[in-house]
Amino acid sequence: MRRAFLIIVTCSFPMLDGWCQSDPPTPATGEPYVYTKWESFTTESTHGGLINDHIFYLEADGDSLWIGTEGGLVLYADGTWESWTEEDGLPWNVVMGIAKDPKTGDLWLALFGEGIARFSGGHFQHFTQMNSGLLNDVSYGIDVQGDYVWVASTAGISRYNQVTGEWAVFNEKHAPMEEVWTYNVSAHEDKVYFAVWGGGILEWDVATETWTDYVDPDREMEIDLYRDDGLIHVITTSASYVDNVLWAATYFGLSRYDGRDWRGYMDHDSGLPSNFINFALGRSGTSCYSATDKGLGVLADFTTDTWVTYARDSEDAATWTAHVIVEGQEVKTVPTDLDLPNHFVLSVVILGDDVWIGTGHGLARGIGKGYYEGLR
Amino acid sequence: MKRHVAVLLLPIITTGIAGWASIGQGPGDRVYVGERVCRQCHHLAGDRDQFNPWRLSKHAKAYAALSMPEARQIADLSGIDADPHESPICLGCHTTAYNAEEWERDETFHLEDGVQCELCHGPGSEYADAAIMQEREKAVQAGLKIPEERDCLVCHKEKGSHTAVLEVRPFDYEEAFRTIAHRGSGGPTEPGEDTPPTAPLPGRRYVGALACAECHNGAATNRAYDKWRVTGHAQAYAVLGTDRAAVIAQDMGVSGNPQESAQCLECHTTGAGEPAGRFTESFDPVQGVQCESCHGPGSEYMAEAIMLDPVAAAQAGLWDVDGETCITCHTAGIHGQAFDADAMWSKINHAKWEEDHSAVEYKTPLNLAITRDGTRLFVTCEASNSLIVVDAQTDAILVEVEIGTQPHFVTFSPDQTRAYVSNRGSDNVSVVDTDTYQVLSTIDVGDEPHEMATNADGTILYVANAGTYDVSVVDLAAGKEVKRLAASRGPWGVARSPDGRFVYVTNNLPRYGAFRAPPTSEVTVIETTHSTVTRRSTVSGANLIQGVAFAPGGEFALVTLIRSKNLVPMTRNEQGWIITNGIGVLWQDGRVDQLLLDEVSDFFADPTDVVFSHDGRYAFVSGGGVQEIAVIDVQKMIQVLERATPHERSEVLPDHLSTSVEFTLNRIPVGRSPRGMAVSPDGKYLFVADGLDDAISVIDIAARERVRVIDLGGPSTITEARSGERIFHSAQHTYARQFSCHSCHPDGHIDGITYDIEPDGLGINPVDNRTLRGINDTAPFKWKGTNPTLRRQCGPRLAAFFTRVDPFTAQQSAALDRYIVTITRPPNRYRNGDTLTPAQRRGKQLFERQYDNSGNQLAPTQRCVSCHPPPYFTNRNVYDVGTASWLDTNQKFDVPHLNNIYDSSPYLHDGRAQSLEEIWTVYNPHDKHGLTNDLTKDELNDLIEFLKTL
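Here the protein sequences line up with chains A and B, keeping their order. Position 334 of the first sequence, counted from 1, bears residue number 334 in this note's numbering, the numbering being contiguous throughout. Position 500 of the second sequence, counted from 1, bears residue number 500 in this note's numbering, the numbering being contiguous throughout.
If you're looking for bench data, these hints aren't it; they were derived computationally from the structure. For each residue, glycine too, the CB sits at the ideal point set by N, CA and C. Any given hint might turn out to be false.
Here's a subset of chain A near chain B, in silico, CB distances under 8 angstroms, partners left out [what the hints assert, rightly or not]: (1) Thr46; (2) Gly49; (3) Lys103; (4) Gly105; (5) Asp106; (6) Gln129; (7) Met130; (8) Asn131; (9) Leu135; (10) Thr154; (11) Ala155; (12) Arg159; (13) Val163; (14) Trp167; (15) Ala168; (16) Lys173.
Each pair of labels, with its calculated beta carbon distance range [what the hints assert, rightly or not]: (17) A/Ser314 to B/Ala514: 49 to 59 angstroms; (18) B/Gly590 to A/Trp81: 17 to 27 angstroms; (19) A/Asp243 to B/Ala859: 57 to 67 angstroms; (20) A/Asp78 to B/Ala478: 50 to 60 angstroms; (21) A/Lys37 to B/Thr529: 29 to 39 angstroms; (22) B/Gly590 to A/Asp78: 17 to 27 angstroms; (23) A/Trp81 to B/Thr529: 46 to 56 angstroms; (24) A/His361 to B/Ala514: 30 to 40 angstroms.
Please build the complete structure, drawing on both the sequences and the hints.
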């Protein structure tokens, strides 16, 4: 009922809503790529190679994949599994975030409740709120920009300068943060984005060292009063920046911002399987993968509003099904062989043409043979 | 004359006070206003004259005193290389607000005024208002400090550097207080005259001594201002305020205050009798007889361009000065004194102070490299800041090139057209043309760069930065560092594998480890394709891993190391050993073996560098402490390892004192403190840098003996400090030559280890090893603070606990003491001049805060700055700050100095705190080490950012 109301309301006030004013989407001229062939990995199926099924984060490293789990750090390379737990020197088993430093080759880990760690040359160096300038040990996300390591934590943002050893912190005193609980950081050459739970998206401009905050202009917590007026909701979980386009995941839908216009997506008007998005990854400025509590929602082509949604159609379904949705209308269903028992998707990463997803119960690779962008 | 004072100062003061009153109320807003402002109320007739006594005191001349030759001597004894005027340590007690940012000093404030009111009473902007000052409580709340004896002692506690140079009597607080006593206690002030600004008169005007000082207080101008400031001329006005002046004035028929008498002022100040319009705003009459009394009003000639042209300067009013000028006032018999023109002239002479030119400059060669054709040796000389190039055949010095500060290592580009020299003291690498010997460029790298190596094609240079614990990756084509790779701690040696795929970096300090654990160190392995760290080889039980070299076949690398037995009392050396010395064998697959070079009764102290003969048969290790080169038969060494069981290799051989005889062919005596080595291209000779002989030993490899010595041209005189330096680096005085001072204090710094030193039980009273950099005036020594002098620390105590068999003579002890005080502290890398970052600025406020986050006033013992006052940031006492552990028999510990505190982790007396943060996040649960538990994490971060700047 609320959704219907929203549509009525937003389109009843065209002066306030760019979406309703804009031209209708260009009709689809082709079909999106659908991942039908999948490989699934669980602790059981890998005979312990994947040491834990709770997959929190995936990080591509060339042809290899780093996997952050509830039970340790895993590397999948050349078909083999290698893992590190506390017994191997990993300071804490719960790995929430992973970032590969492109300059040094070191791996940085966000550890849930135990700060962060640098994994370099097979050795872990541990940074905590007790032994370093890290704001807080409950680390959700980590990324590297230049010489800086950025950390998202419950108490705000910490930044470590690898050259000088200096720590800088950003919370309500030093940044435009209405809330400090930061879920995710995504670093890029010129911008660093933070998803602040209740605080929207924070943008750090590398050149000017200034902050810009993006919040929901309607400031409504329960509804998106004016669609496309800005960020869809301030309870954000991740940000992704590609081709100068910002993708923002929230618990109330997905937002896209191209620097001028915002576009919001919710499950009732798009191919999102759920508004509850744990993580979003932009594959390009026109394509984004949303890891939700009810499957994977892929905006395959922004221009035509074409989506491919991967989810179990029922609790007892043996495999996931792909639904092709254009402008909110399902146009096709495609069976897949993805058989993970849980479609609570927590992470996603692209490795070449393949897509990898991490769920609450296992890991899967969608084999992108013949992958193409957009529609064909 | 009083009228002049009022007229000239009023515009500044009235404007200033109005402004200060409106500035914010927090401590961070307080600004130093200078004695000029204090003087407005504290230089009045009657009971309110605090200015004159101060101006006549040594405090007012303290800054100028830094120009005197004795200041340089004291600086040398304090490990201070910098000009005393630029040293925070010297300035901390010789001027006011030295560590303030520029904005914290008002325009009316001048460093040249030395120790002025606000050093003791705090920055005055918030309490300078007369209405506030009339109520003590308000004034205190606004920042007025009432100094106590402990505040005076911050600077006046005995300093070894000063007592060695000056005739310093022990500080007597009562007497000192009487000496500087400010007569009068204040009271209501009279309303000032509302004098309108005076229009400047045309023509030449007086600008005042401080305006002259802008050019005439540098080294190039002989610090003429300082020379004037310590003379009677600079006190000529203030002296009129003395009782004796009153008597003289009376004798001369002057009635009233001499400082208001035109007759007195005529010769006791400059420009007396001139109308107000004849003075610029910068002129201050109370400065006494200033430059312009003799040289004429300076407004027209003061411009530098004019002053550099004598004719133009004369035309603009610069007077010639001769004896006639002086006798204008210094008439014969004036005030009952005869005028000795020569003596007077000598006293006020502006020429450069006579300096001690007897300073001896040594070379101290540390490392060397030989050209591929074997014709030239390039030698880095740390003490002379130079690169010496020697003809390897004739031993002649071809050239000595001035390089950066403390050059450490030299290596060539693969094509040998360039030599790269790391400069440990200036944190950069000099690029030298090997044909012209010109320094082509310098490349900034991390702190304290040590060894280096290029990749195989010479495009990348890897530099081990011992100070920042990382490796600079330098793009040589671009001439700049492109990234830093994290090493372990104190990266030192660098070697490239023969196949070019890897670079090994040794680490001088052990990793941070568990409390009371033996040291574990690391060799950092970098792959050269992408310049990333691929392995961190662990070397258990070892530290001071310095030298590294690959076997020519690349199947393994050797590193030098020592093994410190830090968990048992060091006094137990009589039952065995304290430190053993050896090598590590790093195999390609990551395995690490360790072997000792020691023999049961003759150790091999301080293995420093290692090189291989070209055929790989021999490895040579320089023993810095024993002045020998150990010749290792490589095959025999491998046999020793291969015949051992895995258990023996990991548990027995690393500590086995009888193994070295099986693979050490002999030890070749060389000069003092042998360091880096190089083998000639023909494989016949080994060249060894004899660091403290200023020489290169040349060893015939086949004969295994030293065949000649190349003199690098150092002085023949051996100073006491040099003698001490040799003792410091020699193991001759320790039992079985196990170790030297350098073994625990490599190059005067730390080894990062906590030791059990005293014979008070196993594991009792462990102590963190402290740096020797710049410590002379931070007595007492020892963590318990029981040693009042360095000499006692390094003399009888050393004999009792360390040397055991051959205690130093008094002369040796003095020499050692003399050397240690010369060990310098590197420039602070976190301090950017007078400017602090916002975080550092916030941290400074926390460091100096008097109120907690709830607004409660802190007791003095709860404030950082109480126990850690500048300039050394120690009050040199012992306190119980709640850090004693179950292993300590003592509760009170020495307050450590905080200068460059960032480079001497771990912290606390027993090294339990691995970082500055842990001092408070872990080891201050009851707020005994300052009240800190009210701080938020970001506030603690700010505090630490400030601490790093000290």
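_Closest C-beta approach of methionine 130 of chain A to chain B relative to 8 angstroms, hint status_ = holds (4 angstroms)
*Against chain B, with CB atoms and a cut of 8 angstroms, does the hint on tryptophan 167 of chain A hold up?*
holds (6 angstroms)
*lysine 173 of chain A as chain B interface residue, shortest Cβ-Cβ below 8 angstroms*: holds (7 angstroms)
*Interface hint status, asparagine 131 of chain A versus chain B (Cβ within 8 angstroms)*: holds (5 angstroms)
*When the nearest CB of chain B is found for glycine 49 of chain A, is that gap smaller than 8 angstroms?*
Status violated, d = 23 angstroms.
*How does the Cβ-Cβ distance of lysine 37 of chain A and threonine 529 of chain B compare with 29 to 39 angstroms: does it lie in that range?*
holds (34 angstroms)
*Double-check valine 163 of chain A for me: the hint is only fine if its C-beta lies closer than 8 angstroms to a C-beta in chain B.*
holds (5 angstroms)
_Minimum beta-carbon distance criterion (8 angstroms), arginine 159 of chain A to chain B_ = Since chain B brings no Cβ nearer than about 11 angstroms to arginine 159 of chain A, farther than 8 angstroms, the hint is violated.
_Interface hint check: glycine 105 of chain A, Cβ to nearest Cβ on chain B, cutoff 8 angstroms. Holds or violated?_
Holds. Min distance 3 angstroms.
_Hint check for alanine 859 of chain B and aspartate 243 of chain A - Cβ pair distance inside 57 to 67 angstroms_ = holds (60 angstroms)
*Determine whether the Cβ-Cβ distance between tryptophan 81 of chain A and threonine 529 of chain B falls within the hinted range of 46 to 56 angstroms.*
Violated, at about 25 angstroms.
_threonine 154 of chain A as an interface hint toward chain B, with CB separation required under 8 angstroms_ = Given a least distance of 12 angstroms, the restraint on threonine 154 of chain A is violated.
The structure is inconsistent with the numbered hints 1, 2, 10, 12, 20, 23, although it conforms to all the rest.
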